[in-house]
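Q: Whenever a hint applies, use it, and build me the whole structure from the sequences.
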Amino acid sequence: MKKILSGAMMLAVMMGSLSAPALAKPTAEQQHKMDQQLKAMGLPPGLGRWVDDPAEIHQVTLAPLFEKPFACSEHPLGQLHGAGDALGTDCMVVGGFETDRGFAKMYRGDGTKNTDWYGWHTPVHAPIDGVVKYIHLNTETNTPGTMGKPPASMMLFERADGVTVVYAHLTEPVVKVGDHVTAGQVVAIDGNNGVARNPHIHVGAYRGGEPLQIRWDLRAMGKIPGMTDN
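As numbered in mature numbering (1 follows the signal peptide of the UniProt record, and there is no 0), residues -24 to -1, 1 to 206 make up the sequence shown, in order.
Hints are computed from structural coordinates only; laboratory data are not their basis.
Within a straight-line C-alpha distance of at most 16 angstroms, the following computed EDC-like cross-link-like pairs (lysine to aspartate or glutamate) qualify:
hint	residue 1	residue 2
1	Lys109	Asp137
2	Lys89	Glu116
3	Lys152	Glu134
4	Lys199	Glu43
5	Lys152	Asp105
6	Lys81	Asp92
7	Lys1	Asp28
8	Lys109	Asp155
9	Lys1	Asp11
10	Lys109	Glu134
11	Lys1	Asp29
12	Lys44	Asp205
13	Lys44	Asp193
A: The following block contains the structure:
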């Protein structure tokens, strides 16, 4: 039988850009044990819990994460099974084309310093109109190329229809638990903490036990000068 991840490793996979093969679905006893481990880490109910692959993939449209061009790497169906990571995406600001020469890239120089990365400390925007349900801060900043320890800094948003969106690896939040936020409102800045190799924001979405594929609001993106002038 395939080995089930420990709570710490499960969270490391869930909240970082660490890909791992799909695992066997845990038994009820194993799930209960993992739920207790996740609870001990201070996670809100449901986040990180096993979710099955949906027969049909549903989508959720979110407000632009940044007011700068960004690129995302999505987790394919079946790669990860934690709520908040399954069908999630890891997003990085791109730059390098400030003039009429150059091409899109993630960092300046050799990328060995956080300040080399175009996304470092870039404002992060709320994905939905909703309520901030949970915030966790990991104050240890990683050096690019080296992953830190979980859990990453996280912020959880909930919409009136039950859609939950989680951000990971952010830092310096400017909102608090219980605050009502509007889609596009600045809530934090981009960071590099937890299971991450470089500055980026992980975004995951789910409703109940169903993971959701993330799509970006292209109309809203079209209203941002930085998105359309390159």
